[in-house]
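Asker: If you want the building blocks of each chain, they are given just below.
2 protein chains.
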Amino acid sequence: MQLKNNTLLSLLMQWIILGSIVGVVVGSTTTILLESNDFLGDDIRLKHDWLIFLLPFAGLLIGYIYMRFGKVMFNHSQSDTSELNNLVIKAVHGQKQVPKRMGLIVYLGTFLTVLFGGSTGREGAAIQMGGSVAATVNQLFKMNNIDKKVVLMSGISAGFGSAFGAPITGTVFGMETATLGKLKWEAVLPCMTASFVAHFVTTAVWHHHHEIFTIAVVPETSVKIFFIVILLSIIFSLVSVLYCQLRHGIEKISTKLFKQNHMKRAFVGGVIIAILTWLIGSQDYNGRGLQILEQAFTEDVPPFAFLAKLIFTAITLGTGFVGGEAIPLFFIGATLGNTLHAFIDLPLSFFVALGLIAVFSGGTNTPIAAFLLALEMFNGKGLEFFFIACVISYLLSGTHGLWPAQKIYEPKS
Amino acid sequence: MQLKNNTLLSLLMQWIILGSIVGVVVGSTTTILLESNDFLGDDIRLKHDWLIFLLPFAGLLIGYIYMRFGKVMFNHSQSDTSELNNLVIKAVHGQKQVPKRMGLIVYLGTFLTVLFGGSTGREGAAIQMGGSVAATVNQLFKMNNIDKKVVLMSGISAGFGSAFGAPITGTVFGMETATLGKLKWEAVLPCMTASFVAHFVTTAVWHHHHEIFTIAVVPETSVKIFFIVILLSIIFSLVSVLYCQLRHGIEKISTKLFKQNHMKRAFVGGVIIAILTWLIGSQDYNGRGLQILEQAFTEDVPPFAFLAKLIFTAITLGTGFVGGEAIPLFFIGATLGNTLHAFIDLPLSFFVALGLIAVFSGGTNTPIAAFLLALEMFNGKGLEFFFIACVISYLLSGTHGLWPAQKIYEPKS
Numbered sequence: 001m002q003l004k005n006n007t008l009l010s011l012l013m014q015w016i017i018l019g020s021i022v023g024v025v026v027g028s029t030t031t032i033l034l035e036s037n038d039f040l041g042d043d044i045r046l047k048h049d050w051l052i053f054l055l056p057f058a059g060l061l062i063g064y065i066y067m068r069f070g071k072v073m074f075n076h077s078q079s080d081t082s083e084l085n086n087l088v089i090k091a092v093h094g095q096k097q098v099p100k101r102m103g104l105i106v107y108l109g110t111f112l113t114v115l116f117g118g119s120t121g122r123e124g125a126a127i128q129m130g131g132s133v134a135a136t137v138n139q140l141f142k143m144n145n146i147d148k149k150v151v152l153m154s155g156i157s158a159g160f161g162s163a164f165g166a167p168i169t170g171t172v173f174g175m176e177t178a179t180l181g182k183l184k185w186e187a188v189l190p191c192m193t194a195s196f197v198a199h200f201v202t203t204a205v206w207h208h209h210h211e212i213f214t215i216a217v218v219p220e221t222s223v224k225i226f227f228i229v230i231l232l233s234i235i236f237s238l239v240s241v242l243y244c245q246l247r248h249g250i251e252k253i254s255t256k257l258f259k260q261n262h263m264k265r266a267f268v269g270g271v272i273i274a275i276l277t278w279l280i281g282s283q284d285y286n287g288r289g290l291q292i293l294e295q296a297f298t299e300d301v302p303p304f305a306f307l308a309k310l311i312f313t314a315i316t317l318g319t320g321f322v323g324g325e326a327i328p329l330f331f332i333g334a335t336l337g338n339t340l341h342a343f344i345d346l347p348l349s350f351f352v353a354l355g356l357i358a359v360f361s362g363g364t365n366t367p368i369a370a371f372l373l374a375l376e377m378f379n380g381k382g383l384e385f386f387f388i389a390c391v392i393s394y395l396l397s398g399t400h401g402l403w404p405a406q407k408i409y410e411p412k413s
Numbered sequence: 001m002q003l004k005n006n007t008l009l010s011l012l013m014q015w016i017i018l019g020s021i022v023g024v025v026v027g028s029t030t031t032i033l034l035e036s037n038d039f040l041g042d043d044i045r046l047k048h049d050w051l052i053f054l055l056p057f058a059g060l061l062i063g064y065i066y067m068r069f070g071k072v073m074f075n076h077s078q079s080d081t082s083e084l085n086n087l088v089i090k091a092v093h094g095q096k097q098v099p100k101r102m103g104l105i106v107y108l109g110t111f112l113t114v115l116f117g118g119s120t121g122r123e124g125a126a127i128q129m130g131g132s133v134a135a136t137v138n139q140l141f142k143m144n145n146i147d148k149k150v151v152l153m154s155g156i157s158a159g160f161g162s163a164f165g166a167p168i169t170g171t172v173f174g175m176e177t178a179t180l181g182k183l184k185w186e187a188v189l190p191c192m193t194a195s196f197v198a199h200f201v202t203t204a205v206w207h208h209h210h211e212i213f214t215i216a217v218v219p220e221t222s223v224k225i226f227f228i229v230i231l232l233s234i235i236f237s238l239v240s241v242l243y244c245q246l247r248h249g250i251e252k253i254s255t256k257l258f259k260q261n262h263m264k265r266a267f268v269g270g271v272i273i274a275i276l277t278w279l280i281g282s283q284d285y286n287g288r289g290l291q292i293l294e295q296a297f298t299e300d301v302p303p304f305a306f307l308a309k310l311i312f313t314a315i316t317l318g319t320g321f322v323g324g325e326a327i328p329l330f331f332i333g334a335t336l337g338n339t340l341h342a343f344i345d346l347p348l349s350f351f352v353a354l355g356l357i358a359v360f361s362g363g364t365n366t367p368i369a370a371f372l373l374a375l376e377m378f379n380g381k382g383l384e385f386f387f388i389a390c391v392i393s394y395l396l397s398g399t400h401g402l403w404p405a406q407k408i409y410e411p412k413s
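The listed protein sequences derive, respectively, from chains A and B.
If you're matching positions, the first sequence starts at 1 in our numbering and goes up one per residue.
If you're matching positions, the second sequence starts at 1 in our numbering and goes up one per residue.
Keep in mind the hints are simulated off the structure, nothing from the lab.
A portion of the hints provided could be inaccurate.
Think about it this way: if two alpha-carbon atoms lie no more than 20 Å apart in a straight line, the pair counts; the simulated DMTMM-like pairs of lysine to aspartate or glutamate are [as the list claims (entries may be wrong)]:
hint	chain 1	residue 1	chain 2	residue 2
1	A	K381	B	E384
2	A	K224	A	E35
3	A	K224	A	D345
4	A	K381	B	E220
5	A	K381	A	E220
6	B	K381	B	E220
7	B	K142	B	E220
8	A	K47	A	E35
9	B	K381	A	E35
10	B	K224	B	D345
11	B	K381	A	E220
12	A	K381	A	E211
Computed from a predicted structure; not experimentally measured.
Produce the entire structure from the sequences given, and follow the hints as far as they go.
Answerer: In structure tokens form, the structure reads like this:
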């Protein structure tokens, strides 16, 4: 009994120490990613409109990097963001290894994409880098197979927690991503430690400032409001399915069309984005699109902004550019909420927040993480509504998630 | 494909309708339980001190009811609250049936316990009644075995959601209780519908008012605060283990001692409670003890209040009286937080809320539900702290949960 307690205690200590190591390293690498991304995307790109016309060449370069250095990882298959997320998820299941060089490659790819105006986020990259750092930790400490998985999960947690400034969601995301709806409780301590430490390192040590979105007013609960929330959630869910289908479709067709030549594929993707940008005449839908995303919370945005962003992002990521899908999903949901607001007289920022979260829930198939993210982003406001929106969007989006390698643990009803 | 979509849609509709039926009925029965409980416990008992001396005879009566009418359910085994919760959980696993009469028996038992001053809550009873109502629904609609489980889970959700006024937590509780850490996603729609509808029926239709506890100030996040929260959570967790061990110990010994004679057992339990009450000279630790619980949030309570409540409740429920364990766990945690506040200069109500939630998490082994309850009870305040407290208390409480029939799905690390 005494021995058993000692073992438990040393096990707990082991996970706290490993989680802290992962947290410190991932928190620091995430900060570098976020800060340099802000600098390239906001300070440089927005001041030099013409950079968008170099996007096709950035695509060539990304394709080259992936074909030259990424072969080991991808076995000559598609080499884009969703495949990278799949790789991390497969590694958690023990089917694949996360190569250490992935972190650096993802880093470079995200830089190039954001500097030249591909429509993308960066949080996905942060998560993949988290996985990459965790893989290094695994090698350094010579972990056994089960522990390897747990360390990987804590890397995902740390990446998410620090990139979004949402450590609770990060904890659960790392535990939840690998198998839908089945939380791995033995991983909670390292995941929680890594996520909170990484968040702390990013914000308190390196002083990175996350964007803050605010809901001005939450409507009083009533039967009518619940029906409106349910109806809206159905619409948000369907749009998340539309995005996922379009993106996977483009990915599939373009891979086939260019016979696995990622340089050609990304070049053509870059050309299309550049032409679309030129036609629209603004860079509202390139990069992260934070301006429109922030604007959506307080005033009207173009009614089809959501559709434009949907198409821009599906092309960018479907042709092999690199980054994250969270911010684009936020953008699509928020602007769609803004558009739908025209039809119903309820607080604007509430609609926008609801769309942001519901499209994220449907697109990523992680309803618990989406709900927690809503809590952390909006300070616990309107939690019943977000809960219902997350669940409905998740249920109706069926198995159309962004990441095919997720195991559907229980059939959705 | 069309057909498949139709099937999905009709499945969704089926669960919404069944969930609503369960919600309306359970919401109504819960209201009757809560209102009559308030009346008996607060209006009558508190005005008639001498009722406590009749507690042994109430025990006789409860024992008689259980031995005479409860045999079918309990197979001559122990017949107390935890066994009833086990029964509901076993029913979800398909190992046992929930008999319809259970609802009525639990009802009567809770009435007698609260009127004559046993230390207990009533939320457990609401959950068991929810299970009982769900069993009736199952019979009426002749459900198949898998669907039966889902209906039972939605009954648990509805009971929890309406008894606590916390529909989100109710949803997850119904899904989580049956197998620790493994959420059954196919049940989310009926559980959510039942929980929200039941909450709506209890509050908006029948106008029941839930108690409201408020956290005055949440400390700013800092490394020091996190360490304090972790330290406190360890203490809260150990006290939750102490309670569970004592209660199960009393249950085991008293069952053996009185050779399955529940009348004798509860009579002696009643005598001990009556003597303890007489010695202490107040009824602070009888019934739900709401006065002290509310006081704990704003001013000092006796430093060993938590221990007194712990002993009173372990004896009450360990000798076969009926009710719920949530409010006693709240009481124990809140007053312990109040006591510990003397040592550290942080906002009082924050300590109290933390203890309330952490002891509940450790005692019930449902960390997600405990965290969500904190959100719903305290309007999303201090969510990082509650999250950490729930996880730590859950991890350290090991397998010392209140309800033995819970399947430990994954080994805790």
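Asker: Could you run down the list of hints and mark each one as holding or not?
Answerer: Now the hints, each set against the structure:
In summary, the hint linking K381 (chain A) to E384 (chain B) is supported, as the alpha carbons are separated by about 15 Å, within the 20 Å threshold. Restraint check: the Cα-Cα separation between K224 (chain A) and E35 (chain A) comes to about 44 Å, which exceeds 20 Å; the hinted pair is violated. Of the pairs offered as hints, the one joining K224 (chain A) and D345 (chain A) holds, with about 12 Å between alpha carbons and a cut-off of 20 Å not exceeded. A hinted pair counts as satisfied when its Cα atoms are at most 20 Å apart, and K381 (chain A) with E220 (chain B) qualifies at roughly 19 Å.
Distance check on the hinted pair: K381 (chain A) and E220 (chain A) sit about 11 Å apart at the alpha-carbon level, within 20 Å; holds. For a cut-off of 20 Å, the pair hint linking K381 (chain B) to E220 (chain B) stands: about 11 Å separates their Cα positions. Distance restraint check for K142 (chain B) and E220 (chain B): the Cα-Cα separation of roughly 54 Å exceeds the 20 Å cut-off, and the hinted pair is therefore not satisfied. Restraint check for K47 (chain A) and E35 (chain A): satisfied, since their Cα atoms lie roughly 17 Å apart, inside the 20 Å limit.
Simply put, K381 (chain B) and E35 (chain A) have alpha-carbon atoms about 30 Å apart, too far for the 20 Å limit, and the pair is violated. Under the criterion of a C-alpha separation no larger than 20 Å, the hint pairing K224 (chain B) with D345 (chain B) is consistent with the structure, at around 12 Å. Between K381 (chain B) and E220 (chain A) the alpha-carbon distance is near 19 Å, which keeps this suggested pair within the 20 Å criterion. Only pairs whose Cα atoms come within 20 Å are accepted, and K381 (chain A) paired with E211 (chain A) is accepted, the gap being roughly 17 Å.
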